[in-house]
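Visitor: So the chains spell out like this:
There are 2 protein chains.
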Amino acid sequence: MSTFTPVKNDTFLRALRREPTEYTPVWLMRQAGRYLPEYRATRARAGNFMGLCTNPELACEVTLQPLARYPLDAAILFSDILTVPDAMGLGLYFEEGEGPKFKSPIKDEADVAKLAVPDVGTSLKYVTDAVSTIRGALGGRVPLIGFSGSPWTLACYMVEGGSSSDFRKVKAMMYKRPDLMHQILSVTTEAVIQYLKAQIEAGAQAVMVFDSWGGALADGAFQQFSLAYLKRIVQALPLEANRGSFKEHIPSIVFTKGGGLWLEDLASTGASALGVDWTVNLGQARARVGERCALQGNLDPNVLFANPPQIEAEVAKALESFGVPQNGVGHVFNLGHGISQFTDPEAVTVMVNAVHNYSKRQRAQ
Amino acid sequence: MSTFTPVKNDTFLRALRREPTEYTPVWLMRQAGRYLPEYRATRARAGNFMGLCTNPELACEVTLQPLARYPLDAAILFSDILTVPDAMGLGLYFEEGEGPKFKSPIKDEADVAKLAVPDVGTSLKYVTDAVSTIRGALGGRVPLIGFSGSPWTLACYMVEGGSSSDFRKVKAMMYKRPDLMHQILSVTTEAVIQYLKAQIEAGAQAVMVFDSWGGALADGAFQQFSLAYLKRIVQALPLEANRGSFKEHIPSIVFTKGGGLWLEDLASTGASALGVDWTVNLGQARARVGERCALQGNLDPNVLFANPPQIEAEVAKALESFGVPQNGVGHVFNLGHGISQFTDPEAVTVMVNAVHNYSKRQRAQ
Chain A
4 MSTFTPVKND
14 TFLRALRREP
24 TEYTPVWLMR
34 QAGRYLPEYR
44 ATRARAGNFM
54 GLCTNPELAC
64 EVTLQPLARY
74 PLDAAILFSD
84 ILTVPDAMGL
94 GLYFEEGEGP
104 KFKSPIKDEA
114 DVAKLAVPDV
124 GTSLKYVTDA
134 VSTIRGALGG
144 RVPLIGFSGS
154 PWTLACYMVE
164 GGSSSDFRKV
174 KAMMYKRPDL
184 MHQILSVTTE
194 AVIQYLKAQI
204 EAGAQAVMVF
214 DSWGGALADG
224 AFQQFSLAYL
234 KRIVQALPLE
244 ANRGSFKEHI
254 PSIVFTKGGG
264 LWLEDLASTG
274 ASALGVDWTV
284 NLGQARARVG
294 ERCALQGNLD
304 PNVLFANPPQ
314 IEAEVAKALE
324 SFGVPQNGVG
334 HVFNLGHGIS
344 QFTDPEAVTV
354 MVNAVHNYSK
364 RQRAQ
Chain B
4 MSTFTPVKND
14 TFLRALRREP
24 TEYTPVWLMR
34 QAGRYLPEYR
44 ATRARAGNFM
54 GLCTNPELAC
64 EVTLQPLARY
74 PLDAAILFSD
84 ILTVPDAMGL
94 GLYFEEGEGP
104 KFKSPIKDEA
114 DVAKLAVPDV
124 GTSLKYVTDA
134 VSTIRGALGG
144 RVPLIGFSGS
154 PWTLACYMVE
164 GGSSSDFRKV
174 KAMMYKRPDL
184 MHQILSVTTE
194 AVIQYLKAQI
204 EAGAQAVMVF
214 DSWGGALADG
224 AFQQFSLAYL
234 KRIVQALPLE
244 ANRGSFKEHI
254 PSIVFTKGGG
264 LWLEDLASTG
274 ASALGVDWTV
284 NLGQARARVG
294 ERCALQGNLD
304 PNVLFANPPQ
314 IEAEVAKALE
324 SFGVPQNGVG
334 HVFNLGHGIS
344 QFTDPEAVTV
354 MVNAVHNYSK
364 RQRAQ
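Quick note, the sequences are listed as chains A and B, same order. If you count the first sequence from 1, position 208 lands on 211 in this note's numbering, and the numbers rise without skipping. If you count the second sequence from 1, position 329 lands on 332 in this note's numbering, and the numbers rise without skipping.
Chain A on its own, in the form it takes in the complex (with noise of 0.2 Å):
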């Protein structure tokens, strides 16, 4: 176990417990990525994709990668959303130019039947190991982000065996045996609880689940099968981490990507804040929540291919969209899904530094 040192820079913790911030606090999804030539050379060194999930020593360094680049308020595992159901058994493998897929996926009710929740603390100690190794190198600069996909996103993948246009198995089962589809995300859910546990005692410092496929769902049947289990997830999830000689509080982040319609149900899983895409008005989002929690999003990822003044102009935007945070309001600023590999590093640089600038003359007006 690896000593914990307080987080020197808490601008991204505060803002998620919607006090005061003197800026607008700033990470991306998927920061550490392929669009950095440096993580891509991590990458070749490791072989693979899931050979650098797994070796803590080289998931630290991606991790960090992103952090030596540009002044980001938070850094996140770097890790795979499909490591709990790889761990029940379904074996993770990525095949060259195509998305994740498993070997033994999900067909009926004999494979339901054998599912289980695995043994956190074996099966996925790599993660864990991963999550103290850069707890420790951090040393107290940002807080550190844990996360897992939400039991539907997972279930997703489990019953489609990969990525899906149409989620036609995986629906066509919901619709035709719900009762298999909440045992799936019965223990998967139970699955997620503890992985993000094992994370937290690790030493991760806030948890997102991501719940990318969520908006694949219709109305009715998300609340049902994505919802209610997003909501059992933050529940059980402990509001505070002892770490010897203190204490550091979790907030948990929810983000149903293409969920905006949604954002009151989503409110009331009690996360601390909510990811949004960039469908969403980030003003109209902060008057629709309220004091009921955070909100972390927005920009499309695409604006990043566009020339210095005019990102400047989108996240000047953006920050004007939601106005300046008050005290029980809080806005991390965020893409509204993961960076695209085909982005120019130099084109984070302005982002990051207009989200700060701009921000904090916002707050100072």
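Hints are computed from structural coordinates only; laboratory data are not their basis. Mixed in with the good hints there might be a few duds.
No copy is singled out in the list; a pair is fine if it fits within one copy or between any two copies.
Subject to a maximum C-alpha distance of 27 Å in a straight line, what follows is the list of computed DSSO-like cross-link-like pairs (lysine-lysine) [said to hold, decoys possible]:
hint : residue 1 : residue 2
1    : K172      : K106
2    : K320      : K179
3    : K117      : K104
4    : K128      : K200
5    : K250      : K234
6    : K234      : K200
7    : K200      : K117
Remember, it's a predicted structure, so these values are computed and weren't measured experimentally.
Guided by the hints, dock chain B onto chain A, whose structure is given.
Guide: Then chain B, alone, in the frame of chain A:
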């Protein structure tokens, strides 16, 4: 020019006009399609998909096929959404197992400068011929819907050169060179207006604009790069068509998939009805648009993979969510997206009957 027969079953048109109907009318996006064995047989005869689209007799044949099976309340022209850019010289083609592609996508300013509104009367005559043929063959049984892709959706394909998961090229152009994007959209909008006018003249009794990729846009960008052009189209279309001995009112339907957050904006286009996908709660949508327009939707096509009682229950939920349409309010039942090619045709029978029967019982209460 065929002689026009006034429509007998005008339930669909009355719902769009927000007038009372005896039951909720229903049709399905992509109702003439691969899930029907008779469609696959005609397509095999045509050789390929574009062979089917460009042959008015065969296009008519497949348009009528679902009406022979199901008591649907509208027919929709069988065509492709990309006929307009094809007529603009981009060279539409289909590769087996892949989506549509363009031989000459728009890459730069020079390509944009070359874009011009095509002569709809010659280059898209195969479409208006299909409309006349179908209208004649329908003999007034149900109304015929004409359609086009929205300018933004067409621009996505025109710039990306085909389908895209991230819209990187088209959004990079939009953020970096908004002038070029507006030029593409302006030319395309004028082409779409002429195209829809020609379909109406040929006999279409309602028109629908498919903004299939509007939901990929950020709030703010959507209003500038899709909504503004949708509004221009709706405002330019004739409200009435002269059919010799009688006149027909021509309602318009705008469907921005993933546009549930922007229903108020979309209502401002002046469209008779808005299509909504399954993420939208119909009751809430009705409250939001009020008496400004009717709504069309919104069952998840994957519901059709469930068993009959489950399909009936989901239909009932949607109809209950909307509630009985009072005068001034209208609902057309549909899926929230095109029907899947893997659908059992029997499931459609269950769905269509459920819509008619349940909505009649609702009104009787």
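Visitor: Hint by hint, note whether the structure agrees.
Guide: We went through each hint and held it up to the structure:
In this assembly of identical chains, the alpha carbons of K172 and K106 lie at most 27 Å apart only when taken from the same copy (16 Å versus 33 Å across copies). In this assembly of identical chains, K320 and K179 lie within 27 Å of each other by CA distance solely across copies; the values are 16 Å between and 45 Å within a copy. For the identical chains of this complex, K117 and K104 are intra-copy neighbours only, at 19 Å inside a copy versus 43 Å across copies, given an alpha-carbon limit of 27 Å. In this homomeric assembly, K128 and K200 come within 27 Å of each other (Cα to Cα) only inside a single copy, at 13 Å, whereas the closest approach across copies is 64 Å.
Taking identical chains as interchangeable, the C-alpha atoms of K250 and K234 lie at most 27 Å apart only when both belong to the same chain, with a minimum of 24 Å there against 56 Å between chains. With identical chains, the CA atoms of K234 and K200 are at most 27 Å apart within one copy only, with a shortest distance of 15 Å there and 51 Å across copies. In this assembly of identical chains, the alpha carbons of K200 and K117 lie at most 27 Å apart only when taken from the same copy (24 Å versus 59 Å across copies).
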